[in-house]
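Asks: Residues per chain are reported as follows:
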Amino acid sequence: MQRPRFTGKVALVTGAARGQGRSHAVRLAAEGADVIVCDLGADIDTVPYALGTEDELRETASLVAEQGRRAVVCRCDVRSTADLSAAVERGLDELGRIDVVVANAGIAGVSTLAEMSDDVWQNMIDVNLTGVFKTLRAVVPHMVSRRYGRIVATSSIVGRQGSANIGHYVAAKWGVIGLVKSLAVEVAEFGVTVNAVLPTSVDSDMIQNDAFHRLFLPDADEIRMRDVEDAYTALNPIPVPWLSPGDVSDAVLFLASDEARFITGDALPVALGWNARMAA
Amino acid sequence: MRFEDRVVLITGGARGQGRSHAERFAAEGARVAVCDIASESLETVAYPLASRAELESAAELALQADVRSAEEMERVVAAVLERFGKLDVLVCNAGICTFGPLAGMSSELWQTTIDVNLNGVFNAVRAAAPEMISQGYGRIVATASMAGRAGWENIGHYAASKWGVIGLIKSLALEVAPHGVTANVVAPSSVNTRMMHNDAAYKLFRPDLENPTREDALPAFTSVNLIPEPYAEPGDISDAVLFLASDEARFITGAVLSPSMGLSASNV
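Those protein sequences? They're chains A and B, same order as listed.
Counting in our numbering, the first sequence runs from 177 upward without gaps.
Counting in our numbering, the second sequence runs from 16 upward without gaps.
Worth flagging that the hints you see were computed from the coordinates, not collected in a lab.
Since we're looking at a predicted model, the values are computed, not measured.
Check the hints yourself; a few may be wrong.
[Claimed, not checked] Partial selection, computed: residues in chain A whose CB lies under 8 Å from chain B: (1) 316; (2) 320; (3) 386; (4) 403; (5) 407; (6) 410; (7) 413; (8) 421; (9) 438; (10) 442; (11) 455.
[What the hints assert, rightly or not] Between beta-carbon pairs, the in silico distance windows are: (12) 126/B x 317/A: 32 to 42 Å; (13) 390/A x 186/B: 28 to 38 Å; (14) 339/A x 226/B: 51 to 61 Å; (15) 281/B x 261/A: 26 to 36 Å.
Quick reminder that beta carbons are idealized off the backbone N, C-alpha and C, glycines included.
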């Protein structure tokens, strides 16, 4: 394997202000890519934890610059076709091309389906599923015209199973896999590959918040981190509580590299073995 | 170099995909052992298997062994441990492919395929896993096929063996996960090896012709894949195997990765 793997390439990463998205952006830069870093940079009222901020997005750009690469910063709502078109246009203007897209932006929330409000459902589908569609739609024509592209979308290991209390998230993540596989069929002949990564829980604000801690320890008077860790660890065949963002970056960069040129329409679980009990 | 000081054992390592894996692991710093039946022919297989000369040039430790024999696989693992003192990575790559409809398939044709492709993986895993568990580290990668995810006419025995490999590896993954050992599968479609380049394979893809040639078969090979190429090169499969065997995949286990030119897009 030749490293760096992304010399001269340009990547676009959504949800790049922090967490997995920041890790992907910095790791791509460390292997030679210039990066268009996109994030909403604001909260969404149905999401029970603070989302990435504009300052955090600028911090990601600084970390890309520290790798000696260029960063283009885009405040961008993946629910907005206009925002995504503008991000792609600016990226092409300033960096000349887009070789890699990581559709990473996503939110989480907690509710049973029976008690879920329209807003909670709709925001989830809009961000986690339609947001991926709009991200890919914005960049695919460019990739097809250049006969080269690597697209990686973040689904989840619950995109392959049912799970209580996060049914909207589960539905969106199943949808991402269907979307990715269908796009893979449509663009395979044009040198563009499309794959999904399926992480289990990742140590980020998405799970490190009171709503999620309560989900795991519904009867606790006070939440102790040690108890949260134990509850998460009990889920996983590999006995660790959660992944770090860099563990997911390892898989994303592999799928975005030329080492994976003949892998498309695939869904790669980074899931501490959960998937061993599943059909795929 | 991702495999400095790692010890790797590859079954079916004398030629084709296995040999490519051996060369790539060695290039990234590993000490590599291969085993191979290296017997030129197996009665039911329509193409010649690897030769002794091919085996002996494949890796620093090259052992003639038949994956169908539990005793021989125990002997291979013992030889690896004696030579290198440990075993970090096992690649279960040995496999054969023969052709024929299930109705009327001879017991021998069925049994040889199951013995090599499925029991062979079990024999290698059973010989190697205890050492990996006791050392608290191991990476197992087995080669299945997209025929392990779908039905396929005229290779029903092969498809059954490859579905079996996926079930075996997923179960193994659960059993060894607490011990620092991962177990994963690569599921290629066609690969540019002698398994594809023989008259029986050409005939499988071009049943309309009496005696199809390589040139006749190439467009038919391509027509199966979404990415318009007739087959992957062995090195493409090595890319996937080495990723799964590397520490970049330390939290990936029980997974199936498909360098299959898009066949996985029309599957689960």
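Asks: If a hint holds in the structure, say so; if it doesn't, say that too.
Replies: Structure-based check of all given hints:
1. Checking residue 316/A against chain B by beta carbon gives a least distance of about 15 Å; that is not within 8 Å, so the hint is violated.
2. This hint is violated: residue 320/A has a C-beta 14 Å from the nearest C-beta of chain B, more than the 8 Å allowed.
3. A cut of 8 Å between beta carbons decides the hint on residue 386/A: the least distance to chain B is about 26 Å, and the hint is violated.
4. At a threshold of 8 Å, the smallest CB-CB gap from residue 403/A to chain B is about 21 Å, leaving the interface hint violated.
5. The beta carbon of residue 407/A comes no nearer than 17 Å to any beta carbon in chain B, farther than 8 Å, and the hint placing it at the interface is violated.
6. Contact between residue 410/A and chain B, as hinted, is not supported at the beta carbon level, the nearest pair being about 12 Å apart and thus beyond 8 Å.
7. Interface restraint check for residue 413/A: the shortest CB-CB distance to chain B comes to about 4 Å, inside 8 Å, so the restraint holds.
8. Using the Cβ-Cβ criterion of 8 Å, the hint placing residue 421/A at the interface with chain B is not satisfied: the shortest such distance is roughly 12 Å.
9. The restraint placing residue 438/A at the interface with chain B holds, with a minimum CB-CB distance near 5 Å, inside the 8 Å limit.
10. The restraint placing residue 442/A at the interface with chain B holds, with a minimum CB-CB distance near 4 Å, inside the 8 Å limit.
11. Interface hint at residue 455/A: satisfied, since its Cβ lies 6 Å from the closest Cβ of chain B, which is below the 8 Å cut-off.
12. Between residue 126/B and residue 317/A, the C-beta spacing of about 53 Å breaks the proposed range 32 to 42 Å.
13. For residue 390/A and residue 186/B, the Cβ-Cβ distance of about 34 Å falls inside the hinted range of 28 to 38 Å, so the restraint holds.
14. Look at residue 339/A against residue 226/B: about 55 Å separates their beta carbons, and that is inside 51 to 61 Å.
15. Take residue 281/B and residue 261/A: their Cβ atoms lie about 30 Å apart, and the range 26 to 36 Å holds.
The structure fails hints 1, 2, 3, 4, 5, 6, 8 and 12 (numbered hints given earlier, in ascending order).
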